[in-house]
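Undergrad: With chain A held as given, fit chain B onto it using these hints.
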Amino acid sequence: DTGVSQDPRHKITKRGQNVTFRCDPISEHNRLYWYRQTLGQGPEFLTYFQNEAQLEKSRLLSDRFSAERPKGSFSTLEIQRTEQGDSAMYLCASSPRRQAQETQYFGPGTRLLVL
Amino acid sequence: GQQLNQSPQSMFIQEGEDVSMNCTSSSIFNTWLWYKQDPGEGPVLLIALYKAGELTSNGRLTAQFGITRKDSFLNISASIPSDVGIYFCAGPNFTFNKFYFGSGTKLNVKP
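For the protein sequence lines, the chains are A and B, in the order given. Numbering of the first sequence is given in this note's numbering, commencing with residue 1 and proceeding in unit increments. Numbering of the second sequence is given in this note's numbering, commencing with residue 1001 and proceeding in unit increments.
Derived from the structure by calculation, the hints contain no laboratory data. Treat each hint with caution, since some may be false.
[As the list claims (entries may be wrong)] A short, non-exhaustive set of chain B residues, derived as facing chain A with CB atoms under 8 Å:
1. P1039
2. E1041
3. L1061
4. F1094
5. G1104
Fair warning: this is a prediction, and the values are worked out from it, not measured in the lab. We put the beta carbon where it would ideally sit given N, CA and C, even for glycine.
Okay, chain A solo, but in the shape it has when bound:
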């Protein structure tokens, strides 16, 4: 089993540009989560997919953020008109189908720097 993978690992962009990140979950994990993490803080939940359905969104996810998981496998997170405050590590995690004992596995993250 390969782990969760994310691409790119690092992204530097200028304010106002759009960026898109990709997450490939562990195969056959039908649940996928996006988080944002800033320095010195724990991950903060952004959004959740079960298969291709986006079932939960945080208030942190402004209208400049959009996430998709079109075929229930990989997911993309797009940030439009980036702002300096968007600079953070964006983490993706996946979980297998609901079971009595929950787990969640993270990818290596995409570190975004907005200049």
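TA: Positioned in the frame of chain A, the structure of chain B alone reads:
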């Protein structure tokens, strides 16, 4: 949303010492997860707890699910330099549609 409070915020210990850290919540959880994160990497799952009072070990790591279901503890015995990192506790909401994380305990180990 839920707030998870971790303490201490940071620790400086000597190699070989035992370490204890905890995580508390204002609300009950049905699952507690403990992660370790190295700089520039994603969190790695260390231990998962599913039952109040449960004590689970993973090598030199031992974690406990508090009986009130509002806290959890992580102990590391005989620390080594590679234990350096930030340790996070996490717990899901009732529907498991989101997980809440503490702000972490930063562990420094002096050789």
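Undergrad: Now tell me if each hint is right for this structure.
TA: Hints, one by one, checked against the model:
A hinted interface residue such as B/P1039 counts as satisfied when its beta carbon comes closer than 8 Å to some beta carbon of chain A; here the least separation is about 10 Å, so the hint is violated. With a least beta-carbon distance of about 6 Å to chain A, the hint placing B/E1041 at the interface is held under the 8 Å criterion. With a least beta-carbon distance of about 16 Å to chain A, the hint placing B/L1061 at the interface is violated under the 8 Å criterion. Interface hint at B/F1094: violated, since its Cβ lies 12 Å from the closest Cβ of chain A, which is beyond the 8 Å cut-off.
Interface restraint check: B/G1104 against chain A, minimum CB-CB distance 6 Å, threshold 8 Å, status holds.
The earlier numbered hints that this structure contradicts are 1, 3 and 4.
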